[in-house]
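Protein sequences, first through last, are from chains A and B. FYI, the working numbering numbers position 397 of the first sequence as 397, with every residue one higher than the one before it. FYI, the working numbering numbers position 160 of the second sequence as 783, with every residue one higher than the one before it.
Calculated from the structure, these hints are not laboratory results. Any given hint might turn out to be false.
[Stated by the list, open to error] Restricting the straight-line Cα-Cα distance to at most 20 Å, the calculated cross-link-like pairs of lysine to aspartate or glutamate (EDC-like) are:
id, chain 1, residue 1, chain 2, residue 2
1, B, Lys960, A, Asp435
2, B, Lys643, B, Glu821
3, A, Lys437, B, Glu959
Source: prediction; values computed, not measured.
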Amino acid sequence: MESTTILNNVEDRHIEELDTVTIRFAGDSGDGMQLTGTQFTNTSAVIGNDISTLPDFPAEIRAPAGSLPGVSGFQLNFSSQDIRTPGDQPNVLVAMNPAALKVNLADLEGGGILIVNTDAFNEGNLKKAGYESNPLDDGNLLQNYRVFKIPISTANRAALREEVNIPMKEIDRCKNFWALGLMYWLYDRPMAPTLTWIETRFKKTPEVGKANSTALRAGFAYAEAAEIFTTHYRVKRAVIAPGKYRKITGNEATALGCVAASQLAGKPLYYASYPITPASDILHELAARRNFGVKTFQAEDEIAAVCAAIGASFAGSLGVTGTSGPGLALKAEAIGLAVMTELPLVVIDVQRGGPSTGLPTKTEQADLLQAMFGRNGECPVAIVAPATPGDCFHMAIEAFRIATRHMIPVIYLSDGYLANGAEPWRLPDIDALPDFKVKNKTESNGIFHPYERNPDTLARPWALPGTPELEHRIGGIEKQDTTGNVSYDPENHMHMVLTRAEKVALIADDIPDVEIFGESSGRVLVVGWGSTYGSITSAVEEVQNRGMSVSSVHLRYLNPLPKSFGDILGRFDRILVPELNLGQLAMLMRARFLVPAISFPKVKGKPFKISELVAKIEEVYQD
Amino acid sequence: MSTHVAENGGNGSEVVKLTKKDFVSDQEVRWCPGCGDYAILAQVQKVMPELGLKRENIVFVSGIGCSSRFPYYMNTYGFHSIHGRAPAIATGIKTANPELSVWVITGDGDALSIGGNHLIHAIRRNLDINIILFNNRIYGLTKGQYSPTSEFGKKTKSTPFGVIDYPLNPLSVALAAEATFVARSVDTHVAHLQMVVERAMRHKGVSFVEVYQNCNIFNDGAFDMFTDRAVKDDKMIQIEHGKPLVYGKEHNRGIRLHDMHLEAVELGNGISESDLIVHNEKSPDSYLAYMFARMEYPDYPVPIGVFRDVEKRTYESLLEEQIQGAVAKMGAGSLEKLINSGDTWVID
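Okay, chain A solo, but in the shape it has when bound:
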């Protein structure tokens, strides 16, 4: 569905232009902060700002109301510039209750705007948040910020009570839209996109829809009329590459990439998954794509999911399973089976904080070594990692292209930050996408050998059940090369182990080489992979602008590594590897290239800030 945007005529008085604003909406997990943030994001994207978001919510669906663990936040960065991250530090904090204030205030920049819902600062909520007295009365605490104390709940009730016929509880639930309306006025956003969204969303419950749209308008009008804000702000359209855009999250882009791969390969998509945070949205997206012939299978467990995907691949579909770290651990043995049977398989791992259950809703990159080595035996797979939410689309296609061309499992490492984070996405030219129509083996020349190899890729033929004369048996027991017969021969085993390794190595001929951001030699090279792209690139750009000899390389293909990667490392005095783990890529680089790579680890469930990377680069630079 497309929508047109009608810009409101907001009076021009007291308007200040800003390049970039970072807002964090924070409230109770029942307060609808994710929705509020998403709406603000959508509107900002549609009016042409560059955007980047960081939803940050608790693992509990509804932790006790008003408690610290129940605080849900949504940070978004919107700009007239080209931005790559959700912003290091919020300039604006909207705190819907004391707990939200307590959890988030330390992050707010000095002199930043603080908007609080004073109605929620009652004795009970203050106690739950661990405040002994009301922080809003504490001049010392708040002197560093521009504080706007607004009775949001009361104002919302007053606006809605006469207008809609729904229970008070329902009215109170609209207060996030009231706050959103206020923010729309403050940052000069049109209400139309959200009003359209409300209309569609509440088609079946028009009274609730009316309540929400009334709340939105009331918040907007309050900000305009009450004159508590002396200024409001405007962030112009961003100057970004021309084209048609939409907002996209990593999980949405991953699902789209899977559908696109299916069309490009000319093979039906079979997505088998067991619900797990933060990967489940991929299942939801794909389950709605039945009209693309997409078969989704919600399996009884992680192992069944990967096994069903393998079975589907054997039968001729593009088999793919999606999970997060704990699920990848459970799938390990089956991935080994796919390595042994040399079937195409894509395993999506949307990484989250670990180990064990860890931090289900937070981001981390600590599954790289699991993806590389987390199976019994010598069991190599190809590994790719998208760099941005939009890149998830392209790397998902790449995963299938590699899997089918090389008859091998490919692990695709996304993470919670990419999965839920959003950015404007320039719609790809479908004709320019890689064409990798898959041709299955259909004819035998007398006798069929299931492990007869393509000399370029060492891939074996993909012969499907249903094809006459190609009946064959595969399995997890070691096979004789070419014939595929069960073999315990020692020489054959060594040969097959080396062949499976070589198959992965040969993929390097089939992937783009690394691009260097900056000079091709110099003082410091920053190497990253996956979701750290935005913050690393921004940090490197910042120090480059100061004249420092710093370049970066961002890996989207991790196994095999792009061909010239090793050579590049030799052209820099220092190699810095920031990762959201304890140095897993750095470990691989040291082992493979014998380089003194300096690891910069962060394992806090949060992405890198640009500032902390800049500081580290400066430190390494001076050493």
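On the provided structure of chain A, position chain B as indicated by the hints.
Quick look at chain B alone, frame taken from chain A:
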């Protein structure tokens, strides 16, 4: 929508006539001499031509264990997978291509221990697949540990003081998971086994067949006390749809329902066949089948035959129907449209 493979040989329309030989692969069979698996393999190879299936449309899937080597010996498509996961792999194969005739070969350890979860879920989904469980009540490939169907108290390598967990009854598990076809046979009862395998194949929906199979190395004679030629007529009972439960060499014994319990009785002395319970494999609820499945040696004659055979929509046909419905309603998916969906804007 899938068509019934048995009727048309799979993808093609002509009915093919093959022989047992066509289903024998070129692989050397590596079971211990005297293993019950040989007999089951022979019967399956013999039944295949009767079903009119084309070899290329048949897939045998297995897990790990002695029985799981089965696919290597069938000249069809085959997938020898990992321990316990055959039902999940088969689910992927069948749903990806409903035209295929998919068979799961498994054992008591593979299906009921490590793969228990997959088994019950594959059954409840009612995929049109055929699951044959070779029950030898022991772990053979790992050389003699007790299995989930080993008798209480049994001494094995891993239970020198006797098994202290209670065994599972495979048919009870299948019935509890709402299997639409449930049967049991014995490796040495060749004709009966053939009949059961053929009926399993012809059933549209999930078929679960337990086969008592002798492991002559680690659990030799496990079923002899009721399957042996000398005693089987008195110690086993063949249940048949629509017929009273009669057994015994002289057809002089039967099973009746008494006080909500099954009771083995002698005919005569006022008890006639009309007092016996009559088998109804089509009964929409599975109580009767469940009661029969609970008849165990030595309190009852051990029942073999088809316990349950009812119709229910299959998972894969429902899935195909959803796809066709979605295409009819939304039109065949267009990538261009999908990419352009949602709120979009243009930067000049």
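Tested hints:
Straight-line distance between C-alpha atoms of Lys960/B and Asp435/A comes to about 19 Å, which keeps the hinted pair within the 20 Å bound. Under the criterion of a C-alpha separation no larger than 20 Å, the hint pairing Lys643/B with Glu821/B is consistent with the structure, at around 14 Å. At roughly 18 Å between alpha-carbon atoms, Lys437/A and Glu959/B fall within 20 Å of each other, so this suggested pair holds.
When held up to the earlier numbered hints, the structure conflicts with none and fits them all.
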